Structure formats: structure tokens, C-alpha cells
Amino acid sequence: MLYKVVLYNQLLKDKVVVVTGSSKGIGFSISKEFAENNGAIVIVCSRNKEQATQAIKQINGRVSAAALDVTDNSNVQKFMQQILSKHNRIDILVNNAGYQFDRDIWYKRFHQVTEEEQVKIIEVDLYGSIRLSKAVIGSMLKNGNKSGGVIINISSTPAIAGHVEGSPYTIAKAGNIALTKCIALEYGNENIRAFTFALGNISTLATYGSMTDDDRAKAADEPSIKRWGKPEEVAKVAACVASDTFSFATGNTIVIDGGTVLL
30 MLYKVVLYNQ
40 LLKDKVVVVT
50 GSSKGIGFSI
60 SKEFAENNGA
70 IVIVCSRNKE
80 QATQAIKQIN
90 GRVSAAALDV
100 TDNSNVQKFM
110 QQILSKHNRI
120 DILVNNAGYQ
130 FDRDIWYKRF
140 HQVTEEEQVK
150 IIEVDLYGSI
160 RLSKAVIGSM
170 LKNGNKSGGV
180 IINISSTPAI
190 AGHVEGSPYT
200 IAKAGNIALT
210 KCIALEYGNE
220 NIRAFTFALG
230 NISTLATYGS
240 MTDDDRAKAA
250 DEPSIKRWGK
260 PEEVAKVAAC
270 VASDTFSFAT
280 GNTIVIDGGT
290 VLL
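With the sequence shown counted from 1, adding 29 to any position gets you the numbering used here.
Careful: at least some of the hints might be erroneous.
[To be verified] No farther apart than 27 Å at their CA atoms in a straight line, the calculated lysine-lysine pairs in the DSSO-like style are these:
1. K78 x K53
2. K255 x K265
3. K163 x K265
4. K115 x K53
5. K210 x K163
6. K53 x K42
7. K137 x K265
8. K78 x K137
9. K137 x K149
10. K86 x K149
11. K149 x K171
12. K149 x K53
13. K107 x K86
14. K53 x K171
15. K149 x K78
16. K137 x K42
17. K149 x K115
18. K265 x K78
19. K137 x K86
20. K247 x K42
21. K53 x K107
22. K107 x K137
23. K115 x K42
[Unchecked claim] Across the chosen pairs, the derived CB separations fall in these ranges:
24. Q111 x H140: 41 to 47 Å
25. Q141 x D43: 46 to 52 Å
26. C269 x C211: 30 to 36 Å
27. C211 x W135: 37 to 43 Å
28. K86 x N281: 30 to 36 Å
29. T100 x K42: 29 to 35 Å
By construction, these hints were calculated from the structure, which means they are not laboratory data.
No experiment lies behind these values; they were computed from the predicted model shown.
Here a beta-carbon is modelled for each residue, glycine too, at the ideal position from N, C-alpha and C.
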């Protein structure tokens, strides 16, 4: 048993990992799992550097905080220069940054959503992932990273099955599935792998914390497991997928929703 634990702790040993939008919620849990249980070197990112700094105080291991605005290409380039000058490479990118849950937008019908509202969400949820992916892939190729790399794009189950609410989010998250496939097919021969996580109801402050008791109960009843998922459960899947355990898999959309959407 001890031998198995030691092996698990080495899954991502010395890998340099960037997790966007990781000062709280799912991104924070992924950062914590990678650093504490898998030996990775993790960069916790937030638009607010102070929030990222506070987050890393709650994580044991090799972690650092960085300011990153995924909607600003010049900021992305500056961020890349800082990380590469310190670590020389990026092995794993988790595109987790997302536009905050907005009840006013979520409950609007599709034809009522303004162009401005749609663009605000796409800028973060889709274009943000595209910007970071381009920058990181460019660095992987330029530096001749023999071990390749892994990119994980965070999406949601409505991007697969559709939903009667939240159309701007669904549209943006569906783009992330296509982004994953493009990366997987084009860069597979250079050992760069990509995955999408289609998440169901995961209990974070942004989702669970913003709902009424009735909404929470309805959401818990949707999956066959009959409960909300935990951010830590997503994080453990991410650690496995990002490791060499999944070395012959790429382009997959991995559903983490407790058994609601079955492919």
C-alpha cells in the first residue's frame, strides 16, 4: 500500500503547471491537488494578484502566484515571459478561467441576450482559452520540449447536451470542445495532448453558493449519483489525465457529472 501511495505522489513530479482562474473554486482545487499530492510546480493565476497570493498560502508545495488577465493578449504575453524566464517551460496548462456566474444573464432566453453580454462571456470562456493555448503551445514547440505537454480545457455538460438556460455560457463552452480537438489532431505528433472536461453540477461558491435551496435540490437530483460533485473530485481526474497514465489518449471530452450525460 505504501508503494502505491509513493507512485501516486510522483504522477506529476517536477512538471510546471499553469492553472488559470485558480484563486478559488475548481481551479484552486486543481492547483492544490497537483502541488500537494502529485509533486508539480504550480502557478496559481488570477486577474487579482492579491487573491492569487492569498490562495497559495493555503497550499503546501511548490506554488507561486501570478497576475493574469486572459482577455488581454499583451498581458498574456507578459505573463508567458515571466513564467518562462523563471521555469524555462510549461508542461501543463489548465484553462479554467471563466466568466462569473451571472443570474441576470443565465436566466435570459437566447433571443434576449445582448451582444455585449455574449461577447463578455466568450472573451473569457473561449478566447481566453485560445490565447493561452496558442502561447503555451508556441513555447512548447520553440523550446523543443521532448516530453510534449498537456492542455485541459474546462467546459460543461450543456455544451454536449444543450440546456434551456445559460445559452451564452453553453455556446462559449462548446467552443472549448472544438479547441481541444484542433489541438489534439494538429499537435499529437509532437506529443502535445489535449482534453476537455465537461462538468456537471460542481459545488463551488460561484454555482452552489448563488442558488436557492430549491435550485440546489433540483440540481442534486439530476445525476444518477444524486448529489453535487466536489471540486476535489474534478482535481483528481485532472491529475490522472495530465500524467503519463493517459499517454495514449488525446482529444477526449471527459464527462464529470455524476451520471447525467452518458455518452
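Check each numbered hint against the structure and report the violated ones by number, ascending.
Failing hints, ascending: 7, 8, 10, 11, 14, 16, 17, 19, 20, 22, 26 and 27.
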